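There are 2 protein chains.
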Amino acid sequence: MSVLIVGSIAIDNIKTKLEEHNELLGGSASYASVAASLLAKVNLVGIVGKDFPAEYIELFRSHGINLDGLQVVEGRTFRWSGEYEWDMNQRKTLSVELNVFEDFSPRLPENYRKTPIALLGNISPLLQHRVLDQMENPQFIVADTMDLWIATARPALLELLKRIEMLVLNDSEARQLTEETSLIKAARNILRLGPKYVAIKKGEHGCLLLSRDDFFSCGAFPLEDIHDPTGAGDAFVGGFAGYLAGLGKKNASFADLKKAVVYGSLLASFCVEAFSLDRLKKLGRKEVEDRYELFRLMSHFEVIE
Amino acid sequence: MSVLIVGSIAIDNIKTKLEEHNELLGGSASYASVAASLLAKVNLVGIVGKDFPAEYIELFRSHGINLDGLQVVEGRTFRWSGEYEWDMNQRKTLSVELNVFEDFSPRLPENYRKTPIALLGNISPLLQHRVLDQMENPQFIVADTMDLWIATARPALLELLKRIEMLVLNDSEARQLTEETSLIKAARNILRLGPKYVAIKKGEHGCLLLSRDDFFSCGAFPLEDIHDPTGAGDAFVGGFAGYLAGLGKKNASFADLKKAVVYGSLLASFCVEAFSLDRLKKLGRKEVEDRYELFRLMSHFEVIE
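Respectively, the protein sequence lines represent chains R and W.
Just so we're aligned, residue 724 is where the first sequence starts under our numbering, counting upward by one.
Just so we're aligned, residue 724 is where the second sequence starts under our numbering, counting upward by one.
None of these hints come from the bench; they were simulated from the model.
Quick caveat, the model's predicted, so the values are computed rather than measured.
The list treats identical chains as one, so a pair stands whether inside a single copy or across any two.
Below, a list of computed lysine-lysine pairs in the DSSO-like style, where the Cα atoms sit at most 27 Å apart:
no., residue 1, residue 2
1, K925, K908
2, K908, K1005
3, K837, K764
4, K908, K740
5, K973, K837
6, K908, K738
7, K764, K919
8, K925, K815
9, K925, K740
10, K919, K973
11, K919, K837
12, K738, K1005
13, K925, K1004
Work out the full structure, taking the sequences as your base and the hints as a guide.
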């Protein structure tokens, strides 16, 4: 099965306390697509300007990503600059230029419309709706969102929740959306709003996956060094959706979704080991599978005798 | 096997945003002993004043805790008052009265000296040394510590690390002790200072257990409501040491220590469900074992097909 991925494609300037790199490939769709491409065929939907470097187009192509849904238009590509504190959970945005992204209206080519799995990356809920409107009988829709849309587009987001199988968001966003401090209560409230599943990301502390009846607590793969946390959440949902598509089942079980969450966590762990997509783009499936087994062993404990 | 536990015994006043309770049983040895008593025979070492309520003595006795090492002296018991923010990871100390604890010198009764497992609860490293000096051939010593001792008694703490099998501390303390931001690097540095094992507690995010060759990442049991986080870390080490003692093995394997860490996490999860020891004191072993199995199921994921 293939997976449709829509989101932003950006040129980033990123500063950490130790390094600074400019003109990097970024954006939610870039991270998610390259992560997913290890596990399934990806149909990308996005927009870039004429200034978008050919080498980044080539990077997508070399990962077998279908670019029929990529609009290349007059103007400059979306740009973002950010800076991380020593505590890399803290970052500040130095500048944002929407550029061509300002007038983005996702258009699905005919050959995308029947894609069975879709990842609605972190863009306005209105645009996420517009993608759904163009799809035919999707099997599993997973949507990402962020604090900005919860604050400014709540009605459209609440409508979206009725149309998707799964919402992914981080812990502070789950609290913001539900006004609950307990993440489990927040998750249960979100399930009441429509989706069958919700995943709450806890950054370096892993992630929770809930359905009405099931619960999975997934740790994060422990890393000695984190070079650039940008895109970790996008690599997570990309890995998740890619695993689900690669599995090719019509009805994925909760056990399947748990594995998909682990794949997502691992793709995120590779993502942050280098700036931009520098680690993801060189990653092989075997490396991911080896880390999966290592992670399984280090998370495992025996039953009581 | 039995376990020797030394630490503070206190009367606490605790305020959260929702509740306030005074004259509560508190202190590291109280939490750790009651938690451990579910799993093994406990030899308690501590000090209280003549004002210490008889009902709390009775609580220890009813849990089969040996009080031969409890000094009851003229004066007032150690007192602590604290207040938690909405984010219960944040608390401020409102007042501390050391009282009889100021001149505490742990004395081990003859029948304690050969206890095979010892938990050196969170007290000054000098006192922890004094306990060790009185023990005969202990098999497994686990010590807890805190930021205060790392800052004010570093040489004694470093000496202690050469005499113990395992150090338990929280994430910020591990960073403080080693001046490493990465917890894994911090843990490796601590192992180089002497102990065979180190456990780094991450509060509501679980705990890491490391040896030179092995690694275990343990999540925290997810809770909907936390009423009082006081003593969670003490219940953790108490549960850990109690499980190890109850196991009764001369040489515990890493798999055994992983289970002990899970027991510790679960005892901590019960601890925070009520103020003071109100939940721990009513807890039965069966409840802990049921939660163990539930936790195992919710943390488990399958191998790749």
